[in-house]
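Visitor: If you want the building blocks of each chain, they are given just below.
Number of protein chains: 2
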Amino acid sequence: MSYQTDAFNAYLDEHRDRFLDEFGQFIGQPSVAADARGVQQMAEIVAQRFRRLGADVTIYPTPGSPVVYAELGPRDAARTLMIYNHYDVQPEDPVELWETPPFEMVVKDGLIFGRGVADDKGELLSRIQAVEAWQQTQGELPVRIKWVVEGEEETGSPNLEAWVRAHAEMLRADGTLWEGGGYDEADRPMFGLGCKGIAYFELRCTGPNQDLHSSYAPMVKNPAWRLVWALSTLKDAGDNITLDGYLDHVAPLGDEEWAAIDAIPMEFEAMRRRWGLDAWLNDMTDEAARRRYISEPTITICGIHSGYTGDGSKTVLPAEAMVKLDFRLVANLTPKIAQELLRQHLDRRGFTDISITWLGGEGPARSPVNSLPERAARAASLDTWQKEPVMYPWFAGSGPMYSLSTLLDIPVIFAGCTWHPNTRIHSPNENILMRDYFDSMRFTAAFLAHFAALEA
Amino acid sequence: MSYQTDAFNAYLDEHRDRFLDEFGQFIGQPSVAADARGVQQMAEIVAQRFRRLGADVTIYPTPGSPVVYAELGPRDAARTLMIYNHYDVQPEDPVELWETPPFEMVVKDGLIFGRGVADDKGELLSRIQAVEAWQQTQGELPVRIKWVVEGEEETGSPNLEAWVRAHAEMLRADGTLWEGGGYDEADRPMFGLGCKGIAYFELRCTGPNQDLHSSYAPMVKNPAWRLVWALSTLKDAGDNITLDGYLDHVAPLGDEEWAAIDAIPMEFEAMRRRWGLDAWLNDMTDEAARRRYISEPTITICGIHSGYTGDGSKTVLPAEAMVKLDFRLVANLTPKIAQELLRQHLDRRGFTDISITWLGGEGPARSPVNSLPERAARAASLDTWQKEPVMYPWFAGSGPMYSLSTLLDIPVIFAGCTWHPNTRIHSPNENILMRDYFDSMRFTAAFLAHFAALEA
Numbered sequence: 004m005s006y007q008t009d010a011f012n013a014y015l016d017e018h019r020d021r022f023l024d025e026f027g028q029f030i031g032q033p034s035v036a037a038d039a040r041g042v043q044q045m046a047e048i049v050a051q052r053f054r055r056l057g058a059d060v061t062i063y064p065t066p067g068s069p070v071v072y073a074e075l076g077p078r079d080a081a082r083t084l085m086i087y088n089h090y091d092v093q094p095e096d097p098v099e100l101w102e103t104p105p106f107e108m109v110v111k112d113g114l115i116f117g118r119g120v121a122d123d124k125g126e127l128l129s130r131i132q133a134v135e136a137w138q139q140t141q142g143e144l145p146v147r148i149k150w151v152v153e154g155e156e157e158t159g160s161p162n163l164e165a166w167v168r169a170h171a172e173m174l175r176a177d178g179t180l181w182e183g184g185g186y187d188e189a190d191r192p193m194f195g196l197g198c199k200g201i202a203y204f205e206l207r208c209t210g211p212n213q214d215l216h217s218s219y220a221p222m223v224k225n226p227a228w229r230l231v232w233a234l235s236t237l238k239d240a241g242d243n244i245t246l247d248g249y250l251d252h253v254a255p256l257g258d259e260e261w262a263a264i265d266a267i268p269m270e271f272e273a274m275r276r277r278w279g280l281d282a283w284l285n286d287m288t289d290e291a292a293r294r295r296y297i298s299e300p301t302i303t304i305c306g307i308h309s310g311y312t313g314d315g316s317k318t319v320l321p322a323e324a325m326v327k328l329d330f331r332l333v334a335n336l337t338p339k340i341a342q343e344l345l346r347q348h349l350d351r352r353g354f355t356d357i358s359i360t361w362l363g364g365e366g367p368a369r370s371p372v373n374s375l376p377e378r379a380a381r382a383a384s385l386d387t388w389q390k391e392p393v394m395y396p397w398f399a400g401s402g403p404m405y406s407l408s409t410l411l412d413i414p415v416i417f418a419g420c421t422w423h424p425n426t427r428i429h430s431p432n433e434n435i436l437m438r439d440y441f442d443s444m445r446f447t448a449a450f451l452a453h454f455a456a457l458e459a
Numbered sequence: 004m005s006y007q008t009d010a011f012n013a014y015l016d017e018h019r020d021r022f023l024d025e026f027g028q029f030i031g032q033p034s035v036a037a038d039a040r041g042v043q044q045m046a047e048i049v050a051q052r053f054r055r056l057g058a059d060v061t062i063y064p065t066p067g068s069p070v071v072y073a074e075l076g077p078r079d080a081a082r083t084l085m086i087y088n089h090y091d092v093q094p095e096d097p098v099e100l101w102e103t104p105p106f107e108m109v110v111k112d113g114l115i116f117g118r119g120v121a122d123d124k125g126e127l128l129s130r131i132q133a134v135e136a137w138q139q140t141q142g143e144l145p146v147r148i149k150w151v152v153e154g155e156e157e158t159g160s161p162n163l164e165a166w167v168r169a170h171a172e173m174l175r176a177d178g179t180l181w182e183g184g185g186y187d188e189a190d191r192p193m194f195g196l197g198c199k200g201i202a203y204f205e206l207r208c209t210g211p212n213q214d215l216h217s218s219y220a221p222m223v224k225n226p227a228w229r230l231v232w233a234l235s236t237l238k239d240a241g242d243n244i245t246l247d248g249y250l251d252h253v254a255p256l257g258d259e260e261w262a263a264i265d266a267i268p269m270e271f272e273a274m275r276r277r278w279g280l281d282a283w284l285n286d287m288t289d290e291a292a293r294r295r296y297i298s299e300p301t302i303t304i305c306g307i308h309s310g311y312t313g314d315g316s317k318t319v320l321p322a323e324a325m326v327k328l329d330f331r332l333v334a335n336l337t338p339k340i341a342q343e344l345l346r347q348h349l350d351r352r353g354f355t356d357i358s359i360t361w362l363g364g365e366g367p368a369r370s371p372v373n374s375l376p377e378r379a380a381r382a383a384s385l386d387t388w389q390k391e392p393v394m395y396p397w398f399a400g401s402g403p404m405y406s407l408s409t410l411l412d413i414p415v416i417f418a419g420c421t422w423h424p425n426t427r428i429h430s431p432n433e434n435i436l437m438r439d440y441f442d443s444m445r446f447t448a449a450f451l452a453h454f455a456a457l458e459a
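Top line first, the protein sequences correspond to chains A and B. With the first letter of the first sequence counted as 1, position 27 gets the number 30 in the working numbering; the numbers rise by one all the way through. With the first letter of the second sequence counted as 1, position 176 gets the number 179 in the working numbering; the numbers rise by one all the way through.
In short, the hints are calculated from the structure, not lab data. Please note that the accuracy of each hint is not assured.
Identical copies go unnamed one by one, so any copy, or any two together, can satisfy a pair.
As the list claims (entries may be wrong) - Within a straight-line C-alpha distance of at most 20 Å, the following computed EDC-like cross-link-like pairs (lysine to aspartate or glutamate) qualify: (1) K224 <-> D281; (2) K111 <-> D20; (3) K317 <-> E205; (4) K111 <-> D24; (5) K224 <-> E290; (6) K224 <-> E299; (7) K224 <-> E323; (8) K317 <-> E95; (9) K317 <-> D96; (10) K390 <-> D442; (11) K339 <-> D350; (12) K224 <-> D289.
Kindly generate the complete structure, drawing on both the sequences and the hints.
Guide: Below, the structure is given as structure tokens:
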């Protein structure tokens with residue numbers, strides 16, 4: 004199946020000002036998940052916009068921000084596409100560094116500024132507007148669309164997985180088009196077939212009820228030493244994970260996946276220079292670093308504290324010690340598996356005095372190579388930008404992709420291109436190129452067409 | 004040799020008010036080593052007081068506070084006694100918790116209040132006044148006295164060892180009477196034959212030049228992990244020191260020393276209750292805890308810090324990690340040995356990227372059991388208080404004792420009793436009992452007599 008691109012493009016031109024007005028309305032409504040500011044109002048705005056497409060829309064309350072769920076397109080379509088976006092944004096802090104008001108869309112020199120223009124209101128609305136343009140210029144949508152727009156992505160989607168599990172039957176689909184994305188530093192579209200999961204824990208150990216004089220060290224337990232010993236059993240000095248059973252859950256990669264990883268362009272020299280590093284960990288080659296970066300699970304000390312850490316010397320035996328660990332998870336690990344293995348591993352070694360506090364987690368998402376959504380995205384990339392995307396078997400970062408892909412056994416593609424290398428998501432002066440906003444509509448239409456037409 | 008105790012005691016009664024006036028002058032002169040406040044003036048006051056005993060007095064400048072050195076008594080005496088005291092005091096902070104002005108001696112309900120009444124101006128002046136009383140009631144001193152009064156004890160005596168090394172010949176003696184001391188919680192005089200040394204280091208490791216997103220953990224060195232791995236090679240999970248070569252320097256204890264340790268009364272149950280502990284480290288018995296507390300060297304994590312340690316989660320790979328370690332040293336370890344062994348140990352395991360910064364150190368002091376000063380102190384304790392002292396083979400804490408004992412091969416006794424269990428050294432409302440101030444003079448006289456008369 005193809006579509007009438009001239010008519011589609013003409014519609015975009017014709018409705019350009021209204022589309023930007025609508026974008027201004029989206030940006031003008033604060034919707035900060037961190038303090039729930041405006042999330043209800045934003046959910047309403049999104050629902051309203053969906054209804055103007057003729058969608059069936061439900062606003063699902065959750066313990067946090069509501070989930071806006073829209074279905075549209077023919078009920079008897081051969082294929083169903085899930086689309087994921089989020090309507091919440093990062094806080095505007097530090098607000099004094101913004102050159103324009105964060106919650107006002109400002110167009111300047113071909114750029115669009117405002118909180119959320121990139122992450123993720125630009126992708127969300129440009130996709131909605133693409134669907135409108137399709138309907139108005141092509142007629143019936145070529146697929147059934149199930150659109151999930153959550154409002155807590157920026158706080159780790161704490162309620163999404165439970166909502167998905169409660170509506171698994173409703174959410175059946177043949178593929179998921181993820182949130183969106185952008186160009187890398189060499190202006191190549193970056194797409195991905197998944198992302199690592201994450202589990203974040205705080206471990207604590209207590210000793211005496213007060214910091215003691217360190218002369219008592221031979222007879223009183225030191226919680227800082229306890230943590231050090233426990234940690235040293237999780238990963239050896241070669242940076243190999245030694246947590247009992249952890250690596251048993253890691254699914255091996257196939258040749259195609261390794262080849263895809265090896266093909267990812269990374270600016271190794273520039274990265275080292277930017278970070279002041281002479282070499283990668285363990286003097287790895289760039290090639291080995293790329294493979295390890297993309298493919299391996301991690302256990303990372305993000306922070307550790309105990310006792311006296313000011314200037315000079317203070318001879319204390321600390322009352323307490325704390326470490327923050329993040330586990331980056333690859334398939335088929337899950338946060339729950341990580342937590343259980345960690346508890347068992349520590350208990351087995353006598354570290355029953357170390358508590359583990361759950362601070363959040365998301366499973367890893369992984370799709371097979373050459374899935375329907377991947378092929379549709381590749382083809383749509385060529386149509387839209389005349390470029391092959393750089394295809395990550397998965398991203399080393401984490402996100403809520405797991406719930407709407409791996410959990411439901413739906414192949415997923417992280418694709419779209421509203422971000423550019425200086426787009427500043429999560430920072431002041433978040434911006435996208437005007438050109439990319441409208442290209443996103445063209446990409447969306449092409450994706451719909453290919454997703455409907457490609458062989459299974 | 005004995006002395007005329009009635010005459011001696013009568014002299015104390017007769018001169019009681021003047022002695023207390025002099026004490027008031029000592030307390031009234033601030034002499035805070037931490038900010039060098041008043042140390043020159045205090046050194047002058049001490050020197051002046053020595054001169055009134057007929058002593059030869061020299062004020063030796065150092066890079067910090069001066070050392071006041073006095074010699075007195077017959078040059079042809081059969082024995083020479085070194086006495087150590089210090090004229091500096093701890094800062095008066097937090098000053099708002101003092102119920103009387105810190106630098107004013109206040110007598111109330113049988114107690115004497117003021118900064119330094121216990122640590123160490125009370126011992127210093129009561130010993131000087133004892134010498135005066137001896138001279139006035141007994142005549143010639145029974146021994147030659149070499150009296151070292153330093154002014155930086157409260158800041159770790161950073162210049163004492165170099166001064167001692169430069170004057171080793173001048174400082175020859177048959178025994179050293181240390182600073183002073185006090186009663187334990189069961190009103191037993193606590194004496195000691197030495198103390199542990201200390202070495203304090205800060206270890207640092209750096210990674211990237213900024214905290215990175217933790218997704219880069221597979222390819223970028225994490226300095227927090229580096230420190231954890233390095234630390235875990237210094238001491239095993241059973242709390243056994245595994246630093247290469249460290250224990251080889253520890254001199255074994257003899258049966259007499261073990262017996263002396265076993266005889267030390269400790270309030271184990273009260274200590275556990277006060278510190279909220281169910282048990283000692285590794286479920287040791289009280290007896291084992293006492294032996295370990297007194298006899299073993301330590302490596303203690305006093306503080307550790309890296310990365311994000313605030314509330315909640317932050318997924319960073321830290322730029323830097325730091326740990327503060329104190330090593331409590333028993334004979335024949337020294338701070339220099341500890342530092343060299345630590346550097347070699349880390350280098351041997353590839354931890355050349357971990358820096359070691361010296362933050363201070365003092366060697367351990369250890370005297371043989373039944374030395375002349377020990378026997379003189381025991382006898383003087385019986386004379387003065389009709390009690391056997393509790394004799395520590397060494398104290399688990401640290402101090403500058405090494406320089407004036409082990410370094411010069413002079414046996415030492417930590418003895419005296421101006422402190423009581425609520426004496427609050429280093430704290431607001433430092434105080435001693437009036438009774439103990441004058442008893443200290445009696446103890447000093449008895450010690451001089453026995454030190455001169457006992458068999459070698």
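Visitor: It remains to establish, for every hint, whether it holds in the given structure.
Guide: A quick look at each hint next to the structure:
no., hint, verdict
1, K224 <-> D281, "between (39 Å within a copy, 11 Å between copies)"
2, K111 <-> D20, "within (15 Å within a copy, 88 Å between copies)"
3, K317 <-> E205, "between (26 Å within a copy, 11 Å between copies)"
4, K111 <-> D24, "within (15 Å within a copy, 82 Å between copies)"
5, K224 <-> E290, "between (45 Å within a copy, 17 Å between copies)"
6, K224 <-> E299, "between (35 Å within a copy, 15 Å between copies)"
7, K224 <-> E323, "within (10 Å within a copy, 27 Å between copies)"
8, K317 <-> E95, "between (40 Å within a copy, 18 Å between copies)"
9, K317 <-> D96, "between (37 Å within a copy, 16 Å between copies)"
10, K390 <-> D442, "within (13 Å within a copy, 95 Å between copies)"
11, K339 <-> D350, "within (17 Å within a copy, 39 Å between copies)"
12, K224 <-> D289, "between (44 Å within a copy, 14 Å between copies)"
Violated hints are absent here; each numbered hint is respected by the structure.
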